[in-house]
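Colleague: Sequence:
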Amino acid sequence: MKTASAPPRDLQGLGGGNRSSWRNAMNSLEQAEDLKAFERRLTEYVSCLQPATGRWRMILIVVSVCTATGAWNWLIDPDTQKVSFFSSLWNHPFFTISCVTLIGLFFAGIHKRVVAPSIIAARCRTVLAEYNMSCDDTGKLILKPRPHIQ
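No gaps in the numbering here: position 4 of the sequence shown is 4 in full-length UniProt numbering, and each next residue is one more.
A hint or two may mislead.
Pairs of lysine-lysine, DSSO-like flavour, derived with a Cα cap of 30 angstroms [to be verified]:
#1 Lys112 / Lys140
#2 Lys112 / Lys36
#3 Lys140 / Lys36
#4 Lys144 / Lys36
Distance ranges between label pairs, derived from CB positions [stated by the list, open to error]:
#5 Pro51 / Lys140: 16 to 22 angstroms
#6 Phe85 / Lys140: 50 to 56 angstroms
#7 Lys36 / Arg125: 16 to 22 angstroms
#8 Ala122 / Ala32: 24 to 30 angstroms
#9 Val100 / His148: 57 to 63 angstroms
#10 Ala122 / Asn91: 40 to 46 angstroms
#11 Phe86 / Tyr131: 57 to 63 angstroms
#12 Gln31 / Ala68: 49 to 55 angstroms
I should point out that these hints are in silico values taken from the structure, not numbers from a laboratory.
Note that beta-carbon positions come from the ideal geometry of N, C-alpha and C, so glycine has one too.
Model the full assembly from the supplied sequences, consistent with the hints where possible.
Modeller: Encoded structure:
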């Protein structure tokens, strides 16, 4: 970090010519730049997750609809009640395959992938709360007023 003997002309209004107030102003500017850099990185990370999250959501919706459709056809089939459980599943391969696929997707962690940006934002909110800050679901920082101690 650079040290200078006198504040530049454009910063003299922030603290006069006093070196300690000039250092405080510089620290304040550095902190603001750090916050801006953190916010840019957080928004970049959350926005990079959005396309993959959208694809996982579409996959989950399609497989869920297929499973529901197959289940409806399986349940309204009059032969389902007359044959054994495994025979009825064998007679309805669309339902069986879509149900197995849905279970496999949940074991693979699709339930975490469809909400990944919200998980990241929630964890950041937890950490930022200690600094009187928060963030929205897109990663933008929210500065909270300092608590007044009386």
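Colleague: Are any of the numbered hints broken by this structure? If so, which, sorted upward?
Modeller: none
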